[in-house]
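Just need the whole structure built from these sequences, with the hints factored in.
Order-wise, the sequence lines are chains A and B.
Going by UniProt numbering, the first sequence opens with residue 1, and the numbers climb by one from there.
Going by UniProt numbering, the second sequence opens with residue 1, and the numbers climb by one from there.
Keep in mind the hints are simulated off the structure, nothing from the lab.
Careful, some of the hints might be misleading.
Where chains are identical, the list cannot tell them apart; a pair therefore holds if satisfied intra-copy or between any two copies.
In silico lysine-lysine, DSBU-like type, Cα no more than 35 Å apart, as pairs [unchecked claim]:
no., residue 1, residue 2
1, LYS56, LYS133
2, LYS56, LYS218
3, LYS115, LYS27
4, LYS247, LYS174
5, LYS247, LYS219
6, LYS115, LYS130
7, LYS85, LYS56
8, LYS119, LYS130
9, LYS218, LYS88
Computed from a prediction, not measured in an experiment: that's the story for all the values here.
Listed here are the chains, written in short residue letters.
There are 2 protein chains.
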Amino acid sequence: MQRYFVEPSMRQGDVFHLPKDDAHHMKNVMRMEVGGEILVLDGTGLYRCRLEALDKQAASARIEETLPIETELPIRVTIAHGLPKGDKIELVAQKATELGMHHLRIFEADRSVSKWDQKKVPKKIERLEKIVKEAAEQSYRAHLPTVDFVAYDEVLQDASNYTACLVAYEESAKQGEASVLAMTLAGLQEGDSLLVVIGPEGGFAEAEIARLTDAGFKKAALGRRILRTETAPLYVLSAVSYHFELKG
Amino acid sequence: MQRYFVEPSMRQGDVFHLPKDDAHHMKNVMRMEVGGEILVLDGTGLYRCRLEALDKQAASARIEETLPIETELPIRVTIAHGLPKGDKIELVAQKATELGMHHLRIFEADRSVSKWDQKKVPKKIERLEKIVKEAAEQSYRAHLPTVDFVAYDEVLQDASNYTACLVAYEESAKQGEASVLAMTLAGLQEGDSLLVVIGPEGGFAEAEIARLTDAGFKKAALGRRILRTETAPLYVLSAVSYHFELKG
Numbered sequence: 001m002q003r004y005f006v007e008p009s010m011r012q013g014d015v016f017h018l019p020k021d022d023a024h025h026m027k028n029v030m031r032m033e034v035g036g037e038i039l040v041l042d043g044t045g046l047y048r049c050r051l052e053a054l055d056k057q058a059a060s061a062r063i064e065e066t067l068p069i070e071t072e073l074p075i076r077v078t079i080a081h082g083l084p085k086g087d088k089i090e091l092v093a094q095k096a097t098e099l100g101m102h103h104l105r106i107f108e109a110d111r112s113v114s115k116w117d118q119k120k121v122p123k124k125i126e127r128l129e130k131i132v133k134e135a136a137e138q139s140y141r142a143h144l145p146t147v148d149f150v151a152y153d154e155v156l157q158d159a160s161n162y163t164a165c166l167v168a169y170e171e172s173a174k175q176g177e178a179s180v181l182a183m184t185l186a187g188l189q190e191g192d193s194l195l196v197v198i199g200p201e202g203g204f205a206e207a208e209i210a211r212l213t214d215a216g217f218k219k220a221a222l223g224r225r226i227l228r229t230e231t232a233p234l235y236v237l238s239a240v241s242y243h244f245e246l247k248g
Numbered sequence: 001m002q003r004y005f006v007e008p009s010m011r012q013g014d015v016f017h018l019p020k021d022d023a024h025h026m027k028n029v030m031r032m033e034v035g036g037e038i039l040v041l042d043g044t045g046l047y048r049c050r051l052e053a054l055d056k057q058a059a060s061a062r063i064e065e066t067l068p069i070e071t072e073l074p075i076r077v078t079i080a081h082g083l084p085k086g087d088k089i090e091l092v093a094q095k096a097t098e099l100g101m102h103h104l105r106i107f108e109a110d111r112s113v114s115k116w117d118q119k120k121v122p123k124k125i126e127r128l129e130k131i132v133k134e135a136a137e138q139s140y141r142a143h144l145p146t147v148d149f150v151a152y153d154e155v156l157q158d159a160s161n162y163t164a165c166l167v168a169y170e171e172s173a174k175q176g177e178a179s180v181l182a183m184t185l186a187g188l189q190e191g192d193s194l195l196v197v198i199g200p201e202g203g204f205a206e207a208e209i210a211r212l213t214d215a216g217f218k219k220a221a222l223g224r225r226i227l228r229t230e231t232a233p234l235y236v237l238s239a240v241s242y243h244f245e246l247k248g
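Rendered as structure tokens:
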């Protein structure tokens, strides 16, 4: 059944009012008609709905059943990524969404070669949100991950809101560190939150690492190999899924 | 220290004779001179070597020390991937190499939209090998993953050479399957081998799945979400690393 992510404000009582682009998709891509069924996700729940109206401009769908959410990781994982080169952040947004990320924060690190012109940030975030939405619908996510662009200071200040905070650190991988990620996950329970900070190409500057450790972040290796910056979040999220969702 | 992958045939006694492109890299990119140190990997071992000769055409380096190999997964993982669309197989080759894949097999599945003209296969494999080599050097691999293009029959016939065989199956994810991957990894020991077969966009046809299960492959879910075809191998390899390399 086709899934549609909507804003919570689109719900009035038991009816969702869906916008033009969704109506277009239902009518012209899915060839749906009034009486057909869709799944609607509003960020808080997953609903089986029946179409009551559908034209070129809008659609309305009445909730028939609230369904259990079974496709979300039991812990909320935020990836804070030092802006990488080119369009790598788009790959991260798409793949990390498929793998269950809750929230993506992007910041300019000392060694970020790319810089985002402040004027262009809204457009860039909008594009990432579109990528995230498509990936969320395709991968059957119930939560639509959020994306923001923040200062490094804000990433640090926000750390106290998480149950645990890690930094992916390649020097730890070189030294054979092999317990921080697994120990951290073993200490988390359903409903907890995890913040993982990842550097850009070239990693973090020493001063950046010092501030992270001062703020209580633990340095974690992601296996024994040196991963590229855009591969690191995919490892973390796969490991979280494997740890919490699969049972040996 | 810079790493160079060479053919075993380039070794004579305790000296490696490196070709033109490596000599160029040492001389013009790394600005090295005779007497400098490099790491050489020949597929069987990792050696610290000292440069004895270096010009535009070639370089020779004498082995000073055999180093322990610490960056390989304890089990050998082969990914057999149904040819996906566009250049996605390049992303798989690069990222799966970073994550420790041993061998990549590519086959045309029933639902593969892309087809490879048999005449162009050598060029395509050569390009993938170049991507794999760069990723292996960057990620500190000791083994250079191999790549081949084979018939689906050959993937099935070769299955008996592996300790365990899995197929990543999205229907299993939808049904909440949650133990096959973890149980399989729990049953493997250092030195064992694992074959994971992954379908193209649209997944496997029913007849293909039937042949896999007849051949003893187990259907494994990779978490609770529906992953795109190119994300599945990255999940598997991250899970293998997490399971075997990190300790809680």
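Now the hints, each set against the structure:
no., hint, in the structure
1, LYS56 / LYS133, "within (21 Å within a copy, 52 Å between copies)"
2, LYS56 / LYS218, "neither (52 Å within a copy, 46 Å between copies)"
3, LYS115 / LYS27, "between (41 Å within a copy, 32 Å between copies)"
4, LYS247 / LYS174, "both (30 Å within a copy, 16 Å between copies)"
5, LYS247 / LYS219, "both (26 Å within a copy, 15 Å between copies)"
6, LYS115 / LYS130, "both (21 Å within a copy, 30 Å between copies)"
7, LYS85 / LYS56, "between (40 Å within a copy, 32 Å between copies)"
8, LYS119 / LYS130, "within (19 Å within a copy, 39 Å between copies)"
9, LYS218 / LYS88, "both (25 Å within a copy, 34 Å between copies)"
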